[in-house]
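These protein sequences, in sequence, are chains A and B. Numbered per the numbering used here, the first sequence finishes at 582, counting up by one with no gaps. Numbered per the numbering used here, the second sequence finishes at 1314, counting up by one with no gaps.
Treat each hint with caution, since some may be false.
[Stated by the list, open to error] Only pairs whose alpha carbons sit at most 30 angstroms apart, straight line, appear in this in silico BS3-like list of lysine-lysine: (1) B:Lys1220 with A:Lys303; (2) B:Lys1130 with B:Lys1004; (3) A:Lys197 with A:Lys344; (4) A:Lys519 with A:Lys387; (5) A:Lys197 with A:Lys314; (6) A:Lys532 with A:Lys471; (7) B:Lys1301 with A:Lys107; (8) A:Lys573 with A:Lys472; (9) B:Lys1085 with A:Lys107; (10) A:Lys532 with A:Lys517; (11) A:Lys314 with A:Lys303; (12) A:Lys179 with B:Lys1081; (13) A:Lys573 with A:Lys546; (14) A:Lys472 with A:Lys167; (15) B:Lys1170 with A:Lys107; (16) A:Lys179 with A:Lys167; (17) A:Lys485 with A:Lys532; (18) A:Lys471 with A:Lys344; (19) B:Lys1170 with B:Lys1301; (20) A:Lys390 with A:Lys471; (21) A:Lys303 with B:Lys1085; (22) A:Lys472 with A:Lys390; (23) A:Lys340 with A:Lys314; (24) A:Lys519 with A:Lys532; (25) A:Lys387 with A:Lys485; (26) A:Lys197 with B:Lys1130; (27) B:Lys1220 with A:Lys179; (28) A:Lys179 with B:Lys1085; (29) B:Lys1220 with B:Lys1059; (30) A:Lys303 with A:Lys387; (31) A:Lys485 with A:Lys314; (32) B:Lys1088 with A:Lys303; (33) A:Lys107 with B:Lys1088.
It is worth saying that the hints were derived from the structure and are not from the lab.
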Amino acid sequence: MRSLTRYITILLIVGILIGLLFYDKSFILAIFSQVLVFSIAALGLNILTGLTGQVSIGNAAFMSIGAYASTIFVMKLGIPMPIAIILAGTMASIFGLIIGFPSLRMKGFYLAITTMAFGVVIEQLISVIPYLGAHDGIRNITKLSNNEFISYLYVFLVYTILIVVTKQIQESPIGFSWKMVRDGETSATCFGINTGKAKLSAFMFSAFYGGIAGALYAHTIGYIRAADFGLSRSLDLLAMIMIGGLGSLQGGLAGSIIIVGLRFFFSRGFGPWLSVIIGSLLIIFTLFFSRGITWGITINWHKRLQVPFISVMKYFRLRRTKMSGKMIDIKDSSIFYVEKGSGKAVVFVHGNTGSSRWWNLVMDLSDDKENSYRTIALDLPNFGRSKSIKSAEIDTYADYLVEFIDRLSLEKPVIVGHSLGAAVVMSLSARYPDLPSAIVLVDGPSPAGLVTPPEHYPVIELYKTSRELMKKSLAAIAPGLNNDKILNDLTDDAMLMAPFAFTEHPKALERFNYMGKLKSYQGKVLIMWGKKDIIITEKMVDETLKQYNRAELVVFDDIGHSVMVEDPVLFKKSLLNFLRSI
Amino acid sequence: MFVKVLQSLIFGLFQGCLYGIMGFGLSLIFSTVGVMNFAHGNSGMIGVFVGWTVLFLTKNIFLAFLAAIISATILAIFIDKALMKRVKGLSHSAMLIITLGLLLIFEGLAVIIWGTQPLIFPEIFGFSPKIVFLPQSLNKSNIPLIIPGNDLAVFGTIMALLLLLIVFFKYSKPGLAVQARSEDEIGARVIGINTQATDTLSWIFGIATAVFAGLLIAPKTTVNPNMLTNLQFYGFTAAVFGGFSSIVGAMAGGLILGVIEKLVILGLDELFLLLHITSINAVDLQLSIVLLCIIVTLIVKPTGLFGNKYKGKV
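Bound-form chain A, shown alone (with noise of 0.2 angstroms):
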């Protein structure tokens, strides 16, 4: 709710200060009012054939009717001006509602064809009857506001209202079941969607923001002709979503700008080049942005945009940071640590796009008045302030670990695991039994190794560029993590790691498989699992429970990947507990 109420306040200030900017120019105030028109249609259109697949090339048809009905209302029969708005959308409505029932039994280049052959019959019934002005139109139609200014406010109003509509309906059961019959309606209706239901909505919608399109253009340029919503309209809104990109809520904004609003901005003095300088950039579009401008600018704000702002902040990072901690030689790496505390030694190793500042919340352990603890945390090669290495083997982080126990003299020392980490622990408990006193895992990964959906890699590729998606999954990760300091901190940290360990990780965890072997180790283990855990589910810890000897258990209810960020005190008290059982 409260992004919604962001969303609309950013969009209504951008439209108004759009406006204030142009204010005393009416002719340009008239272009946008004519885009914002044209891109409300569009959004209808996308509702119909980028939400619910349903290709139609008479969308104009409904624009016309909700034009002359408006007109009608107002001029005729003296209905006030938004209340006539709003009946010619629904009169819209009741049309793509007949127009729509073919569309259950046709499919594909059939129904675009009948959709075309209704925006036709309607062209052509407009221009037969006298009472709608027949072939001339009807001219003089009240407008909106003589003030240009208000006009647009007004467009831009309802277009801001549409829109957040349009968002909450795409959320909606009805919006769902839209997708569902685009994306395969046969498996739609295995999943009880009624599909006819389904396209005679989208229909009906689609033809209600047409007629208000349409009304809107009746009452901001006062003069129509059925002619003015012919078949080339029809393919103009068609254009448009295509080029601003299908199911995209503001792809029918950019796709009217380039449509509308460059047939006006070379209207002047361009004469039949107008066509080919329209038509270059329809073809140039498409070249570069063949899944619609939306999406372009989505994709390469991940994958090309965020890049020079991730170098810069990596490097200052690195400079800063690495003062807070010690770092030590170990191979042909260089390891970062940080510690705190002097007494029986417990070292943290983090998970996948971790670092050792995910411990930082519990590296304090003097809670417990009896027993003192040294509390290590480092960053694994490949990770955080740490040197990088060529592999990203689960059983290679392993014997740098041990190195790096070896090196700092550690006798006997606790491990803790997290995530990847607990991978890490598990290698170094299977092939070194004797090092470490007891280990816990936290939220680990199954002996048997995690398989990462192959559908997930092009994703996981974006992490190395994106930092605002690097953000979003750590969230996920981490659902009880409230503090935005901590959860920015944790991403810096995190685009710190090797790119190509990015996608090297899951695959290592995919080869990795100790099943059978984790008998060996005979000290004491403490698993650690949230309920909300979405990577690691509870079969895969009752399979790491049943593999160790002497392996307990602790659940938490509301947790989630993460718990030592999301609960740093029950984390504490459940490590302290097992600690003091050794």
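Model the placement of chain B on the given structure of chain A, informed by the hints.
Quick look at chain B alone, frame taken from chain A:
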């Protein structure tokens, strides 16, 4: 009355064969490449302009036809290799937008190069219309039956072309490859068909037939940038009406479309005469009624008259 119906039938068939040949190209491109080619009419128009220019320079109708068809081939290869190949497989909508872009570019280019002034294209065959009087028993009001010789020749030419096309697509290897590709792209690749080449071939045949239709209709419409806009529209309708899965579908659809159109005008004229309506011109409503007929047909048989059952995805 009988003569009037017969007359409409004849005019309808002559008109319909042009719709049919246009629909053939559209349906060929749609069934192989999978795009509604909105630039079809305008590609044909460019070809006709080239033909007109050659005719103007050489006064040789044969060379004009040759030049027009060659230009169509070049255009088709350009569209396929330079534009469609890049977005093929990405999305159908991207291809659609490219054809919309081409529609605008071709229109603009034609105006820039040749101007908006309609250019006269001479009659190709130069037959005079035949006037036939049917026997009294069939023809009470003694109205003559007109058989326009040129249109008959055009009809004959198109039917001959259709026959050639059928032979090509049914019996020659490249033709069969195109058919296989249109039925199942992956299957066609499995058995070793070069689908890139078949797509190019479809574009060439599609646009060449459009140019051919344009040349045949040019003496009537004159040569102008919008000469094939209507014909393209009717071509779409004919293709849908006939269904995409058969070669003759579009032609049959076109012929039926032409006949219905003329019969509808006849019927409306008679109806308005009967009801003393003078304010409405039958021609204004003709297209709506034809399209309504087609919508009804499609509701009854959603894949067109000669279409196979649509295989939905799961």
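Cross-check of the supplied hints:
1. B:Lys1220 with A:Lys303: Outside the cut-off at roughly 56 angstroms; violated.
2. B:Lys1130 with B:Lys1004: Since the Cα atoms of Lys1130 of chain B and Lys1004 of chain B sit roughly 16 angstroms apart, the hinted pair holds (cutoff 30 angstroms).
3. A:Lys197 with A:Lys344: violated, 68 angstroms
4. A:Lys519 with A:Lys387: Given that 30 angstroms is the threshold and the Cα spacing comes to 33 angstroms, the pair is violated.
5. A:Lys197 with A:Lys314: Distance ~53 angstroms between Lys197 of chain A and Lys314 of chain A Cα, so the pair is violated.
6. A:Lys532 with A:Lys471: It holds: about 18 angstroms lies between the C-alpha atoms, which stays within 30 angstroms.
7. B:Lys1301 with A:Lys107: With a Cα-Cα distance of about 12 angstroms, the restraint between Lys1301 of chain B and Lys107 of chain A holds, given a limit of 30 angstroms.
8. A:Lys573 with A:Lys472: Measuring from Cα to Cα gives roughly 28 angstroms; hence the hint holds.
9. B:Lys1085 with A:Lys107: Holds. Lys1085 of chain B to Lys107 of chain A sits at ~25 angstroms (cutoff 30 angstroms).
10. A:Lys532 with A:Lys517: holds, 29 angstroms
11. A:Lys314 with A:Lys303: holds, 17 angstroms
12. A:Lys179 with B:Lys1081: violated, 34 angstroms
13. A:Lys573 with A:Lys546: Given pair Lys573 of chain A, Lys546 of chain A holds - Cα atoms ~24 angstroms apart, limit 30 angstroms.
14. A:Lys472 with A:Lys167: With a Cα-Cα distance of about 20 angstroms, the restraint between Lys472 of chain A and Lys167 of chain A holds, given a limit of 30 angstroms.
15. B:Lys1170 with A:Lys107: holds, 28 angstroms
16. A:Lys179 with A:Lys167: holds, 13 angstroms
17. A:Lys485 with A:Lys532: holds, 22 angstroms
18. A:Lys471 with A:Lys344: violated, 35 angstroms
19. B:Lys1170 with B:Lys1301: holds, 26 angstroms
20. A:Lys390 with A:Lys471: holds, 26 angstroms
21. A:Lys303 with B:Lys1085: With a Cα-Cα distance of about 25 angstroms, the restraint between Lys303 of chain A and Lys1085 of chain B holds, given a limit of 30 angstroms.
22. A:Lys472 with A:Lys390: holds, 28 angstroms
23. A:Lys340 with A:Lys314: holds, 26 angstroms
24. A:Lys519 with A:Lys532: Roughly 29 angstroms between the alpha carbons, so the hint for Lys519 of chain A and Lys532 of chain A holds.
25. A:Lys387 with A:Lys485: holds, 26 angstroms
26. A:Lys197 with B:Lys1130: Violated: Lys197 of chain A and Lys1130 of chain B sit about 57 angstroms apart, past 30 angstroms.
27. B:Lys1220 with A:Lys179: Roughly 48 angstroms separates the two Cα atoms, so the pair is violated.
28. A:Lys179 with B:Lys1085: Cα-Cα ~29 angstroms, so holds.
29. B:Lys1220 with B:Lys1059: holds, 19 angstroms
30. A:Lys303 with A:Lys387: holds, 25 angstroms
31. A:Lys485 with A:Lys314: holds, 17 angstroms
32. B:Lys1088 with A:Lys303: Since the Cα atoms of Lys1088 of chain B and Lys303 of chain A sit roughly 23 angstroms apart, the hinted pair holds (cutoff 30 angstroms).
33. A:Lys107 with B:Lys1088: Since the Cα atoms of Lys107 of chain A and Lys1088 of chain B sit roughly 21 angstroms apart, the hinted pair holds (cutoff 30 angstroms).
Hints 1, 3, 4, 5, 12, 18, 26 and 27 from the earlier list are contradicted by this structure; the remaining hints agree with it.
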